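Residue numbers (this note's numbering), protein chains in the order written: chain C, 1 to 258; chain V, 1 to 258; chain P, 1 to 258; chain D, 1 to 258.
None of these hints come from the bench; they were simulated from the model. Not one of these hints is a red herring.
Note that the list lumps identical chains together, so a pair holds whenever it fits in one copy or between two copies.
Subject to a maximum C-alpha distance of 35 Å in a straight line, what follows is the list of computed DSBU-like cross-link-like pairs (lysine-lysine):
#1 185 with 140
#2 43 with 17
#3 17 with 140
#4 185 with 17
#5 17 with 257
Source: prediction; values computed, not measured.
4 protein chains.
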Amino acid sequence: MTEETWTQPITKIEPNKVMVRGYRIDELMGRVPFSHVVYLVLKGELPTEAQGRVMDAMLVSSVDHGATPPSVLAARTVASGGAPLTTGIAGGIMAINRHHGGAIEGCMVVLHQAVERKRERAQDALTAAQELVAEYRAAKQRIPGYGHRVHTDDPRTQRLFAIAEEEGVAGEYIEMAGALRQAMKESLGRDLPMNVDGAIAAVLCELDFPLEMGNGLFAIARTVGLTAHVFDEITAQRPMRRISPTAQGYDGPAERKL
Amino acid sequence: MTEETWTQPITKIEPNKVMVRGYRIDELMGRVPFSHVVYLVLKGELPTEAQGRVMDAMLVSSVDHGATPPSVLAARTVASGGAPLTTGIAGGIMAINRHHGGAIEGCMVVLHQAVERKRERAQDALTAAQELVAEYRAAKQRIPGYGHRVHTDDPRTQRLFAIAEEEGVAGEYIEMAGALRQAMKESLGRDLPMNVDGAIAAVLCELDFPLEMGNGLFAIARTVGLTAHVFDEITAQRPMRRISPTAQGYDGPAERKL
Amino acid sequence: MTEETWTQPITKIEPNKVMVRGYRIDELMGRVPFSHVVYLVLKGELPTEAQGRVMDAMLVSSVDHGATPPSVLAARTVASGGAPLTTGIAGGIMAINRHHGGAIEGCMVVLHQAVERKRERAQDALTAAQELVAEYRAAKQRIPGYGHRVHTDDPRTQRLFAIAEEEGVAGEYIEMAGALRQAMKESLGRDLPMNVDGAIAAVLCELDFPLEMGNGLFAIARTVGLTAHVFDEITAQRPMRRISPTAQGYDGPAERKL
Amino acid sequence: MTEETWTQPITKIEPNKVMVRGYRIDELMGRVPFSHVVYLVLKGELPTEAQGRVMDAMLVSSVDHGATPPSVLAARTVASGGAPLTTGIAGGIMAINRHHGGAIEGCMVVLHQAVERKRERAQDALTAAQELVAEYRAAKQRIPGYGHRVHTDDPRTQRLFAIAEEEGVAGEYIEMAGALRQAMKESLGRDLPMNVDGAIAAVLCELDFPLEMGNGLFAIARTVGLTAHVFDEITAQRPMRRISPTAQGYDGPAERKL
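Use the sequences and the hints to build the structure in full.
Encoded structure:
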């Protein structure tokens, strides 16, 4: 059986030369920040300074969220059986899916629907949002990206939107994110602030990322926290311990300022 | 059975407040670059500007190396069976272990041995390196971190060391990396330049990272490339195709300058 | 935060007593064959002797299919990076999904549709099959479970159906499997014999397994082959080798008779 | 780059012919029980009837142990994030490693040491065991395979050894397992019955399995339980729930007899 030759558009390797999306990696090193290179690898082009700064903040926003998310509990549990560091990290990443981090993609779908409706019907954002919220309610479907089991007003959302505004990246998707919140408040009688998944969704729409990249971006950022958690599990915790998802606390440094 | 309370030192969650290693994540966002936050999450403290720049370059150096490494082939193969994006990424990360990326930890071990010997015996770097190389040869053990199956002079190594020099981060571990190369050249009669795994090992030693973090840092950086590869596999390739590790090419943008 | 108590219906543990689906495991051992216990664990009840024999044959049919399926290539590739045995096996299982092994569930869906149609419309099997095939063609959808990239007449299918007949387990789903083949032959002008995924689908329908168990049963059987492949990779192959999906051969015992 | 041809000794595929370790899989189906085929795939030869019955009992002994082991908690946690069935199963298998199931391999090492010592020094089993236990105590190392966090007298151990005796498979490794228990009782003043990991270790030694197969056999058996647990998590539990490792119960059928 002969083998088919196949191609990929990401990286070209030649002796003594590594080119990522066309750029020599040794030229990128030290000149283009890691977060901008993440953008380059995922999208195929370097971001503008403004896009790069928003990308950076988005990645920082998702590095970790303590030890209660399924990804961390899965990663630590795998490690507690004796698996090596990378197997533990992988166990965590596998838990990122439809229900965990998946609100990013889900919310991107809704934002695209709403903005398309607005454009096609030449509506304002709030009218399009009200119609869509009504349709979702009628179909008994939730709009993902709003509300959080811990935070009533997610600090990451506010900050991410503020940076997007500062950098001129905020456009009709972030506007629509606010319109949907308003429409839901009118319809449900309850104000559900956007959570960080929703905020990332809106920003990824502004940056024209494909839907499937929602989980991808989250996985890249969260791998950082997972690595620290698995390292802690391997070096500081007892093997085969029962890892409670609730009876847990924090023993790191007290709050400090930059 | 009652549950033991346990603690972790990474992230504290309170309503409307996420604190990573003591810093509010919304304060970090937009002010501290992602690569510095990676350093913070892994080490517990923010890097200096100099350390942060070296960290950034190290992460960039390892984002991707084309489609031949086992991690990419595993990730793409998992995805070709129909698994979701994050399961594919996880399949790739699991392939990062002793033989793939493991030279980082292996080389860190040797560098620590050599520098300790130098200190304890009050030797110069070359003498310590010569003795250690002789011992490794006698024990028929390889010194990891030198030589590469594609690159005779890894461009990432040169660049990483140059940045470490510029930033004043280069110390006795990077000096020892050079001494070991010299000692191996004398002993083997062959000049094996340090590969990027070795260069990262030397820099991680300078930054005082624990050995086990070698694979961790590599996993974090490589997750970026894996995400792009799995996305390509899912969106642009045929399901269940036979993925050749050799009959493959690159069809992305031609070489371009920053 | 208090924890919710949760329950599962699979196994009860008491000191010196392990009860699987209500049966003491030490009573099952040596008296009930492993394959029947698999049935018990998955379905909640022990099979009849007839059902148990069909279950056994189904598991045997899927233990391995050489080194070309994605699951084996993924498992070996993960292991070649240095991962431990179980991580390699897991890498293989993750590749079993929609496209690899997924035809079982896909074919179960079609068989249920066809048999329901037959019942509701009081048709004979062939008429129901002809109508469904016409609808699938019109919608340009493939009917999964027929045809194979290597086998023109899958020996496992014939044998599995023969055993199901012998044991009186063959009913209207296996009849419908044949009717669909006949209807496709008439419609496409090409005889596509059922593959082993399709045969397992038909038998799982006869045994009243839920759809989602298609991949589960396949994963259980294939874990056996994956374990042997990963063991071979770790003990007999070179680390970090390039694992060709095509340039490969067999060097085990020659064909032999029971 | 040309590809090296490689070989594996497990399965040969020809059109319309699948041969596992030399036997046609359609000939095995319905004639050789699944558990014997597991033995064939792993060892390369069919077991005798006696060996096959012991193998069967060993596989049954390990199908499940409730919802507290790390493998089940990891599998369910991965699934609760929304991952598909096979990704959840894989998450569980990854947790089987040095600390979880690893006592099998650890105990096999000790049994081999003890039996070799007995043979080389022409000692009786108890003398060899006493010496080894003294050496392990002096080195402050535990002998794996004895004691259990729930069972004071593991019912699976007794039953497995009884079947091995009945079938004439019990030899000097099972004898040594008893001698080590006796020696530990004398040395520690506490009787630690062998757990099921230890019992499987002794039987795998009798059947001449390689050490690395300890985790492999356990993974094969436990995949059955993991499949049922992940299916339950996906179909009967709430997504993203907090899965307590302790506040859990059983709601399946009450104890019943065969």
